[in-house]
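Engineer: This is what each chain is made of:
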Amino acid sequence: MRRLTDDLRHALAADFVLGTMRGRARRRFEALAAGDAELGRVRRQWEAFLTPLADAVPPVAPPARVWRAIEARLAGPRPAPGLWSNLAFWRGGVAALAAACLVIAFALPGLRAPAPAPSSGPMLVAVLMAADQVPRIVVEQPSEGMLQLRMVKPWVDMTQRDLELWVIPKEGRPRSLGVVPWDRDSEVRRAGLDAMLRDGTTFAISSEPLGGSPTGQPTGKVLCSGAIARGRRA
Amino acid sequence: MPQTDDAADRLARLLAATALGDRAAFAALYREAGAKLFAVSLRIVRERQLAEEVLQDSFVSIWGHAAGYARAKSAPMTWMAAIVRNRSLDVLRRGSRETEDVDEVLAATLVDESAAPADEARRAAGAHSVRECLGELEPDQRQSIALAFYHGLTHSELASHLRRPLGTVKTHIRRGLARLRECLARAGVEEAP
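Going line by line, the protein sequences match chains A and B. Count along the first sequence starting at 1, add 3, and that's the number in the numbering used here. Count along the second sequence starting at 1, add 37, and that's the number in the numbering used here.
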């Protein structure tokens, strides 16, 4: 790439750093700069020129979930730890603790179900676990017609996939509750939702092509699932 | 957040510790720089959700490439902001955006910002220079460059936003950048080739 003139290098690098270069041209520029040390140097020069302009932008505090997601991604793949060590991941505060109590109560025969949930508390809880028994998502129903999904352990990288939430009745085919984010808490609202949520119903999350399953039934890997544990009002 | 030398030194130390795998230093780096970098992305991608993803991806990248910072020889905020800007511009290519939602007030503010010499005490020397150099440009050149830099507008988006022919906008940018380069070389920012 010695044929690039100095002026052309500067023109390309300035266009790249300013951001007026877009799309595939950016990829080509990066490939070019990887093989042309001088172009790489000119690019860093323009970055050093222009990027300090960003100092003029007043800061905007990002929501706390961004840092939680970053931390989760740094953790990377871990050996599957037991439920107890995973309690550290349960960041939902009281609600997640309540969920943990339910799981333990259901896991240990002979223990009675926990005290009835207060009327303001979640009516329904499901802990969706991966195949390695690591809890990934807690599903709660804070009010009728609505589900709240709390990420216990977000996924590392799902950029080319969508997660789809399914409700699976005891007998019958899974019904889609729509696409949900893979890296943060979310809510699902749907008409007729409550009628689908019976005891013995299971929630599942599958990995689907962007936009969700094209067939209306799960087509990708089931990433986690869990049965409904219903709290009773007093 | 004015980038004083103290702040830059602290960020550089945190980046060095991050390169060694120090999670606490990395968390401190995020606390110090996260809000500024989030704002930089937000102006370009203009959707909070997208900006959150950019910030997340960028910090995972910063964690992975912190060791490369030593070689970059730039101010720590410059190095990180370049990563965030690059990522922001990458995600923009996914959707073709309309330009009608460019905030006119914001755009005017940006032009004012770029026209005014840095008045906050002791900005990084680089920021001082580039802002002074921007102040020397023709208003059309300055506005086009500021909109492209802060808002991530392409040549054609600029043309439709400024209601100018595409060729005119391209000329403004090209001449503006060339004059910027001369000015920065005069100011001694450009390394000797």
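A couple of the hints might just be wrong.
Unchecked claim - Dumping the calculated SDA-like pairs for lysine to any residue here, alpha-carbon to alpha-carbon at most 25 angstroms:
1. B:Lys110 to A:Asp160
2. B:Lys207 to A:Leu196
3. B:Lys110 to A:Arg29
4. B:Lys207 to A:Asp10
5. B:Lys110 to A:Met149
6. B:Lys207 to A:Glu33
7. B:Lys207 to B:Gly172
Claimed, not checked - Covered by chain B, per the in silico footprint, the following chain A stretches (three or more residues, Cβ under 8 angstroms):
8. 61-71
9. 168-175
10. 218-230
No lab work stands behind these hints: they were computed from the structure. Don't be surprised by glycine CBs; every beta carbon is placed ideally from N, CA and C.
Engineer: Of the hints stated earlier, which fail here?
Structural biologist: Failing hints, ascending: 1, 2, 5, 9 and 10.
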